[in-house]
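Starting from the given sequences, assemble the full structure and let the hints guide the process.
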Amino acid sequence: MATAPDIREALRQVLDPEIGVNIVDLGLVYRIEVDGARVRIAMTMTSPACPLADYLKDLVTSAIRDRVPDVTEVDIVVEWEPPWDPDMMSDEARRQLGEGER
Amino acid sequence: MGLAPRRLPLLAVGLLSMACGVWLGLARLGWNLPLPWQDQLIAHGPLMVCGFLGTLISLERAVGLGSPWGYAAPILVAAGAVMLDLGPLGSYAPLLITAGSLVMVAIFGVVWRRQASLFIAIMTTGAVAWTAGNVQWLGGAPIFRVVFWWLAFLVLTIAGERLELNRLLRPTPIIRWEFVVAVATVLGGVAAATWWPEPGVRAMGVGLIALTSWLARHDVARRTVRQRGLTRFMAVSLLGGYVWLGVGGAIAVVSGAATPGVLYDALLHAVFVGFVMSMVFAHAPIIFPAVLGVPLPYHQSFYVHVGVLHLSGHPHCRVGEGVGHFGGSLIQLVAHHLGIGGEQGGQFGRGLVKLRADPLLGGLQQRVELNRRGIELPGEILGDGGDLAGD
Numbered sequence: 001m002a003t004a005p006d007i008r009e010a011l012r013q014v015l016d017p018e019i020g021v022n023i024v025d026l027g028l029v030y031r032i033e034v035d036g037a038r039v040r041i042a043m044t045m046t047s048p049a050c051p052l053a054d055y056l057k058d059l060v061t062s063a064i065r066d067r068v069p070d071v072t073e074v075d076i077v078v079e080w081e082p083p084w085d086p087d088m089m090s091d092e093a094r095r096q097l098g099e100g101e102r
Numbered sequence: 001m002g003l004a005p006r007r008l009p010l011l012a013v014g015l016l017s018m019a020c021g022v023w024l025g026l027a028r029l030g031w032n033l034p035l036p037w038q039d040q041l042i043a044h045g046p047l048m049v050c051g052f053l054g055t056l057i058s059l060e061r062a063v064g065l066g067s068p069w070g071y072a073a074p075i076l077v078a079a080g081a082v083m084l085d086l087g088p089l090g091s092y093a094p095l096l097i098t099a100g101s102l103v104m105v106a107i108f109g110v111v112w113r114r115q116a117s118l119f120i121a122i123m124t125t126g127a128v129a130w131t132a133g134n135v136q137w138l139g140g141a142p143i144f145r146v147v148f149w150w151l152a153f154l155v156l157t158i159a160g161e162r163l164e165l166n167r168l169l170r171p172t173p174i175i176r177w178e179f180v181v182a183v184a185t186v187l188g189g190v191a192a193a194t195w196w197p198e199p200g201v202r203a204m205g206v207g208l209i210a211l212t213s214w215l216a217r218h219d220v221a222r223r224t225v226r227q228r229g230l231t232r233f234m235a236v237s238l239l240g241g242y243v244w245l246g247v248g249g250a251i252a253v254v255s256g257a258a259t260p261g262v263l264y265d266a267l268l269h270a271v272f273v274g275f276v277m278s279m280v281f282a283h284a285p286i287i288f289p290a291v292l293g294v295p296l297p298y299h300q301s302f303y304v305h306v307g308v309l310h311l312s313g314h315p316h317c318r319v320g321e322g323v324g325h326f327g328g329s330l331i332q333l334v335a336h337h338l339g340i341g342g343e344q345g346g347q348f349g350r351g352l353v354k355l356r357a358d359p360l361l362g363g364l365q366q367r368v369e370l371n372r373r374g375i376e377l378p379g380e381i382l383g384d385g386g387d388l389a390g391d
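Order-wise, the sequence lines are chains A and B.
If you read the first sequence in the working numbering, its first letter stands for residue 1, the second for the next number, and so on.
If you read the second sequence in the working numbering, its first letter stands for residue 1, the second for the next number, and so on.
Among the clues, some could well be false.
What the hints assert, rightly or not - Which stretches of chain B does chain A cover? Using the computed rule of at least three CB atoms under 8 angstroms from a CB of chain A, they are:
1) 50-63
2) 104-117
3) 164-175
4) 243-251
Unchecked claim - Partial chain B-side listing against chain A, Cβ under 7 angstroms, derived:
5) L230
6) T231
7) I286
8) P289
9) L292
Simulated from the structure, these hints should not be mistaken for lab results.
Ideal placement from N, C-alpha and C gives every residue a C-beta, glycine not left out.
Structure, rendered in structure tokens:
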């Protein structure tokens, strides 16, 4: 049976193409709800003008299908509240971006 | 993605406009290409900026907005672009494109309500600058008055996107202010050029150099260039584009070229081809999948396209041998610094300098040939009223 940590791990395979950091460490994934074989994900984009929502949704769906085959239905909602903020990034994301170097 | 079929015709119009625009551009360079209408050379700039980039950017905004009404922007712009593609320049194309740019401003109104922030304000200002240029174009202003507004549109749109990504690096207030001052100088220069063309263009150039300096120091590409694959490819393309933005700014400062001529051409193409098209190439591998729902897996050969782009930007920047070598050396330098490989970078740079001479000389010979046959060329046409300058 799929669990939220399984899904989270699968989503770590989805990289934001421009930044090269995965969407979990970037803090784009707000919630993961697992109900049997159904998964509901609430996520955001770094910018409300971003045209990549559908593109990332497709990547998310394929990553889950590949890594957690128990899941039969993936429902993804893009939320703008609260807006994404750099504080939502993990230490790992900051390390990858070399934050602090000037 | 069920939306893909709806987006495909719009993207096709954008690409068709690019093809038509490049065709006219080559004809302007002196290539002996057939033209359906003799005065069609005038449409080169409008096709490239509005027909191609305008359609693409407004489509991107409509996709980002996610509401059906947003598609009115790319549909109107694409309709105008089709008229530019298929017929002589009349007033309907400027009218449709102006209406499309107004819808894009409205899209930003909604985006602003989603998240009021500096980068959205910058991108909105870019859309307003496009509209301001389009309104003047519609009113019959010569292209060389309009084109700097169009330049502001593209520069502010891209700058806003880079500022948005810069948040990842948690910029200090000083860094953000530096950005605002650079962008305000670009826009102030463009606005001033309406009344004082030369000083205005020089001021715009100062802003472009300031923005280049900001991007070179603070853009996230400086960090992501250390990643691998697609991310690194995008960063390399972006950083290459910043070099051309700086070249464009320097030409603007030194020459104040506000009316058609060699330096004016060099300035505009350094920015439009070198900077803007680098952005397009950098993002093509994610824009196409995003807009069409078709995957475009990264491959190392993408670098070849960007190399060819810098090569193609080069003949436009024909400010004599000095700048020619300068451009070649800059690319060599960038290639070297980005670790593409010192020797390969060197060969690439030398190749550029060598290759640029041939098409240019060929073009000049053809110009002479065309002149002999009594065919007017853009430079000469500009003499009478000068509204055919633009690109």
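Taking the hints in turn, this is what the structure says about them:
{"no.": "1", "hint": "50-63", "in the structure": "holds (count 3)"}
{"no.": "2", "hint": "104-117", "in the structure": "holds (count 4)"}
{"no.": "3", "hint": "164-175", "in the structure": "holds (count 6)"}
{"no.": "4", "hint": "243-251", "in the structure": "violated (count 0)"}
{"no.": "5", "hint": "L230", "in the structure": "holds, 5 angstroms"}
{"no.": "6", "hint": "T231", "in the structure": "holds, 3 angstroms"}
{"no.": "7", "hint": "I286", "in the structure": "holds, 5 angstroms"}
{"no.": "8", "hint": "P289", "in the structure": "holds, 5 angstroms"}
{"no.": "9", "hint": "L292", "in the structure": "violated, 10 angstroms"}
This entry does not satisfy hints 4 and 9, going by the numbered hints stated previously.
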